[in-house]
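Participant: Produce the entire structure from the sequences given, and follow the hints as far as they go.
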Amino acid sequence: MKISLLDYGAGNLPSVERALQRLGGQTERISTSAGVAKAAVLILPGVGHYGALIRALDRDGLRDSLIAAIERGVPFLGICLGLQALFEKSEEAPDLQGLQILPGSVRVLSGAVKLPHMGWDQLQSKTESRLLEGIDSEAYFYFAHSYAVPYSCEERAPETRATCSYGGEFVAVGEKENIFAVQFHPEKSGDAGQRVLENFLRIAV
Amino acid sequence: MSLAHRIIPCLDTDGERVVKGVNFVALRDAGDPVALARRYNAEGADELVVLDIAASRDRRPTFLETIRKVAAELAIPLTAGGGIRTLDDARAVVRAGADKITVNTAAVLRPGLISELSEEFGSQAVVLAIDAKRDRASWRVMTTGGRVSTDLNTVSWAEKGAELGAGEILLTSMDRDGTQRGFDVSLTAAISKKVMVPVIASGGARWPQHFAEIFCEGAADAALAASIFHDEIQGIRSLKEFLASENIQVRLPC
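Residue numbers (my numbering), protein chains in the order written: chain A, 1 to 205; chain B, 1001 to 1254.
Hints listed in this document are in silico derivations from the structure and should not be mistaken for laboratory results.
Just so it is clear, CB atoms sit at the ideal spot from N, CA and C, and this is done for glycine as well.
Be a bit skeptical, because a hint or two may be false.
To spell it out: a stretch of chain B is covered by chain A in this simulated footprint if at least three of its residues, at any positions, have a beta carbon under 8 Å from a beta carbon of chain A; those stretches are [to be verified]:
no. : region
1   : 1003-1015
2   : 1122-1129
Just the calculated beta-carbon pair ranges, DEER-fashion [said to hold, decoys possible]:
no. : chain 1 : residue 1 : chain 2 : residue 2 : range
3   : A       : 136       : B       : 1065      : 30 to 38 Å
4   : A       : 24        : B       : 1017      : 26 to 34 Å
5   : B       : 1247      : A       : 157       : 31 to 39 Å
6   : A       : 96        : B       : 1247      : 56 to 64 Å
7   : B       : 1163      : A       : 68        : 39 to 47 Å
8   : B       : 1153      : A       : 59        : 36 to 44 Å
9   : A       : 103       : B       : 1247      : 35 to 43 Å
10  : B       : 1209      : A       : 34        : 56 to 64 Å
11  : B       : 1017      : A       : 157       : 48 to 56 Å
12  : B       : 1237      : A       : 1         : 34 to 42 Å
Facilitator: So this is what it looks like as structure tokens:
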């Protein structure tokens, strides 16, 4: 089964593609709503500015087909901005609407920390995760972002499987039925990241 | 739990071959960026930097090909730079597979380049490389591979760079580079405590203790070295094991 990577100009698409191919996955790049409608497995990569991703989705008319595909049960993996896009909105581009598939919004990381949150960090497990299956709880993952979905009491959601703490605790791994999302970059996270993608492929393909 | 301190090997290339830090008499495969990239990826490097130190226009396609081949070997982030003067130069490097780009001389000549790059790729992808040389009580910014002196003060230039959108500072001490006397702790601490973006210290590494020093006293977020890794004077795995034994947080590869 082919894995469809949503191509809207994200810088990390080629490395996600390479990582999947290394695992024996068959990939294709799609950039139209017709492509999304036909996809059997969807990955939304992303790095950079939230506004650029949302504008690209709307420019290419992908918003509705993406929401429809996810609602239809197509296995979906959102990476970095691809995670953030699932929520309602972001402080990084307050005038734009997210896909609003998950409740909560994206905020700037705050506190006395350097931004971006750049480098290798560890996770705190919240509940059993299919993406993190078989991965050492001490493992490090590569992050490169300044915004995230805060893991706060009011917004604490059952889909949060693991968090990371940097200028506050935020959602690092989310899972809900066919929806999977990670704030870190599995394609850049060495063996642990490879394992996350492997787990997703096993679930999805 | 907190962010791990990063160890970053750097490949200085002429576009095609690694030109620094190798024993030119016994060249072996140590001059091949692809073979080195493969080795560092496996040894647990946290990131890789590839620079085109010749940065001549006509060798550009060769360098892009090198980035493509190196990127194909990596499951860790790749930073590339050397000779990036325009948005188009940066686009080509990113398209070839780099996650981040470094700018140095061109940013000094035209600081607006930093903002252009960060608007296009996000600040997490923009690394401002600064070559600093001590000048009485402060440090002066040097350009053009350290050959040209500027009027810029290193601390204020780093602050300005971060303000313009650089997401990281790659700070090389010209005074320590190549000396193997250790990183410049006071330079790095001065920058790291002043700017609110991560700082990569570079220049002068020889012993594991140098890395411990630059993380603890220099407040560096990452440390970069070239020849000691290329020449296998220092292994990355054993370096990280040493740092972990000193209670410095590092990512130990499994």
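Participant: Hint by hint, say whether it matches the structure.
Facilitator: Status of each hint after checking the structure:
1. Only when three residues or more bring their CB closer than 8 Å to a CB of chain A does the claim for the region 1003-1015 of chain B stand; here the count is 3, and the claim holds.
2. Evaluation of the coverage hint for the region 1122-1129 of chain B: fulfilled, as 4 residues show C-beta separations to chain A shorter than 8 Å, against a requirement of three.
3. Separated by about 37 Å at the C-beta atoms, residue 136(A) and residue 1065(B) satisfy the suggested range of 30 to 38 Å.
4. For residue 24(A) and residue 1017(B), the hinted distance range of 26 to 34 Å is satisfied, since their beta carbons lie about 33 Å from each other.
5. One distance hint, 31 to 39 Å for the beta-carbon pair residue 1247(B) and residue 157(A), holds here, with the actual separation near 35 Å.
6. The given range of 56 to 64 Å is broken by residue 96(A) and residue 1247(B), whose C-beta atoms sit roughly 44 Å from each other.
7. A hinted range of 39 to 47 Å for the beta carbons of residue 1163(B) and residue 68(A) is consistent with their spacing of about 42 Å.
8. In this structure, residue 1153(B) and residue 59(A) meet the distance hint of 36 to 44 Å, their C-beta atoms being roughly 43 Å apart.
9. The given range of 35 to 43 Å is respected by residue 103(A) and residue 1247(B), whose C-beta atoms sit roughly 40 Å from each other.
10. Checking the proposed 56 to 64 Å range against residue 1209(B) and residue 34(A) shows it holds: the Cβ atoms sit about 60 Å from each other.
11. Between residue 1017(B) and residue 157(A) the C-beta distance comes to about 52 Å, which sits within the given range of 48 to 56 Å.
12. At about 38 Å, the CB distance of residue 1237(B) to residue 1(A) agrees with the hint of 34 to 42 Å.
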